[in-house]
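Chains as they are written, first to last, in the working numbering: chain A, -7 to 323; chain B, 254 to 580.
Errors might be hidden in some of the hints.
[Claimed, not checked] Straight-line C-alpha distance at most 30 Å; calculated DSBU-like pairs for lysine-lysine:
no., chain 1, residue 1, chain 2, residue 2
1, B, K579, A, K314
2, B, K569, B, K434
3, B, K434, A, K314
4, A, K8, A, K107
5, A, K89, B, K579
6, B, K569, A, K314
7, B, K472, A, K314
8, B, K505, A, K34
9, B, K569, A, K34
Derived by calculation from the structure, the hints in this document are not laboratory data.
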Amino acid sequence: MAGSDALYGLGLDTTKIETMYYYMVLSRALDERMWILNRQGKSAFVISCQGQEGAQVGVASALDPTVDWVAPYYRDLGIVLYFGMTPREIMLGQLAKADDPSSGGRQMPSHYGHKERHVLTGSSPVATQVPHAAGIALAFKIRKEAAVAMTSLGEGSTNQGEFHEALNFAAVHRLPLIVVVENNGFAISVPQSKEMVVADVAAKAAGYGMPGIVVQGSDPLGVHQATLEARKRALKGEGPTLIEIKTHRYTPHSSDDDDRAYKTREQLKAEKEDDAIVLFRQWMMDQKLWDDERDQALRQRVRHEVDDATDYAEAAPYPDPKTLWDHVYHS
Amino acid sequence: MAVMTYLEAIRETLRQELRRDDRIIVYGEDVGVRGGVFRVTEGLQAEFGEERVIDSPLAEAAIIGTAIGAAVNGLRPVPEIQFSDFIFPAINQIVQEAARIRYRSNGAFGVPMVIRAPFGGGVHGALYHSQSVEAFFAHVPGLKVVIPSTPYDAKGLLASAIQDEDPVLYFEHKAAYRSLKGEVPDERYLIPIGKADLKRPGKHVSIITYGLMVSYALKAAEVLDKEGISVEILDLRSIRPLDVEAILETAKKTGKVLMVHEDNLTGGIGGEVSALIAEHALFYLDAPIVRLAGPDVPAMPYSPPLEHAFMVTPEKITEAARKLAKF
Ligand SMILES: Cc1ncc(C[n+]2csc(CCOP(=O)(O)OP(=O)(O)O)c2C)c(N)n1
Ligand SMILES: [Mg+2]
């Protein structure tokens, strides 16, 4: 295998490439299992990363989980896994068990949070995390730490005032912040054309005097590179960057939605032709970095991890009803 | 007359009102093609077009702020907030603007607008899809807050709210949407805002409540009836303005008041109702007023045991009313 440092000039070795692929496959497989649990009546709610794994892993792989912080949103399974949340932890959250590290089963599934892994707890009202991430970046700047904050959200959510207020604040104070917009073309049923007039969310950055960059979610290496550059700028004190990733949502908005009313099956089929997982694997094979045998082995390992996580979480206890009263305030 | 769900009653009223008055517009997130995430507005865009049933961008402050502007310029907007939990980005517009515009302009401007929003829990909605937010708004003079408890009331109160010259918040319990059914007349009718409804006369205990909890209280009353405890139920229907007369009347009649709501205990409507009774009917009481409400924790958790521990249920109401009757 060619362990080429020159791959795309990114300084990526083969291990890193394989790691990226692994996290994409793992995210998809965990997500698929969540839907099965939902259909079995074991999990009341699913909201998916499917279609956005390349975007998420492309971003996360360019960050440094040992120092950087992320304030992700509900689709970001790929990001939180890359930052070290385990499949077992994910499934504990999906099944609302007591040991769910995100919220002890209090929040809906996919409302991730993990202090040790530098994943900020997130809520449901969209875009509230953007000013939080700017504040995390502000603290890094004041303490002169070499670290960045990354926050992500959907394109529809960029219409909220908090998104704009946070971008402006971060730009004025040249904060080490990366704002990632995962543009899957829809806010639930509302197509981008009814959410905004601009073709690129990245155009919104210009109003705040910061760079706005467009990359494709089906090209994780392109996403990785854009994120690396944004991180470099941030660490040099040059301020925030807005990265828009064009991506797709392969599932309905959530398990409570039915997307057939607003997305044709032809469109969905076309979107699936642009699947980062498929395209990345093909690229790895073309580069002679990967083959069928290794793919089988990896998929088996992932299946095993997903099975293990599911079994573990199913056997885990629910929270005690008495804990309803815990953590309203500091003890 | 047709039997309808609570949800259908709201939809059919919107349809009837949109047909009746072309100043009415309906808008919000996903209300058009998708017909709303709960399907309340299903079919309305097809019938009335994209100019009157509008899919708006995802921005509640803009939804309510533009509704205020449209209202002062002659339209009758009926914006939808997808979940009442997401009304907070618009709170500045509702509280600082809509509520105060008539007063601050010395009567020159008014905001005839109805904000519809689903609320309430017990539907695995967790912290941010379960909240009861009515008390925040009931605190604000200039706003009206209605919470129907039956399909019949849903229609009459919505028509009144739309006809009202002032901003009205109209809260719909999610668990009521499909579980509550009832007869709804075809023709338009109005239920005055601020008039409570005596759902059931009784002798021993008065339960004062609103919204979904009315149906829960009725269940509790049936159980207690078999035990010889006669329960009176007053459905407030509107929590601002409150029907003070009806509240005092039932308190004086039974002398024992149980106030029930799913909203948090502290600062909830129960406190206001209790104060009114304490001020005006104290010497008629045979027992301290009891409040049964959502616990004072920041929101309803998702995990089933925690959600159950939070929810006010027919069983908890039965228990509280039984205890009060025996006082
Ligand atoms: C303030 C607020 N309003 C409404 C909602 C309900 N809601 C949840 S997700 C969503 C659409 C989000 O679309 P987008 O930002 O494009 O993200 P996507 O789900 O497509 O990834 C809406 C309207 C919410 N969560 N928060
Ligand atoms: Mg989107």
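Against the structure, the hints come out as follows:
A threshold of 30 Å between alpha carbons decides the hint, and for B:K579 with A:K314 the separation of about 28 Å falls inside it, so the pair holds. A distance of roughly 23 Å separates the Cα atoms of B:K569 and B:K434; the hinted pair therefore holds under the 30 Å criterion. Simply put, B:K434 and A:K314 have alpha-carbon atoms about 35 Å apart, too far for the 30 Å limit, and the pair is violated. Of the pairs offered as hints, the one joining A:K8 and A:K107 holds, with about 25 Å between alpha carbons and a cut-off of 30 Å not exceeded.
For the given pair, A:K89 sits about 40 Å from B:K579 by alpha-carbon distance, which is inconsistent with the 30 Å threshold. Straight-line distance between C-alpha atoms of B:K569 and A:K314 comes to about 16 Å, which keeps the hinted pair within the 30 Å bound. The suggested pairing of B:K472 with A:K314 holds, with an alpha-carbon distance near 27 Å, which does not exceed 30 Å. A distance of roughly 49 Å separates the Cα atoms of B:K505 and A:K34; the hinted pair therefore is violated under the 30 Å criterion.
A hinted pair counts as satisfied when its Cα atoms are at most 30 Å apart, and B:K569 with A:K34 qualifies at roughly 27 Å.
Hints 3, 5, 8 from the earlier list are contradicted by this structure; the remaining hints agree with it.
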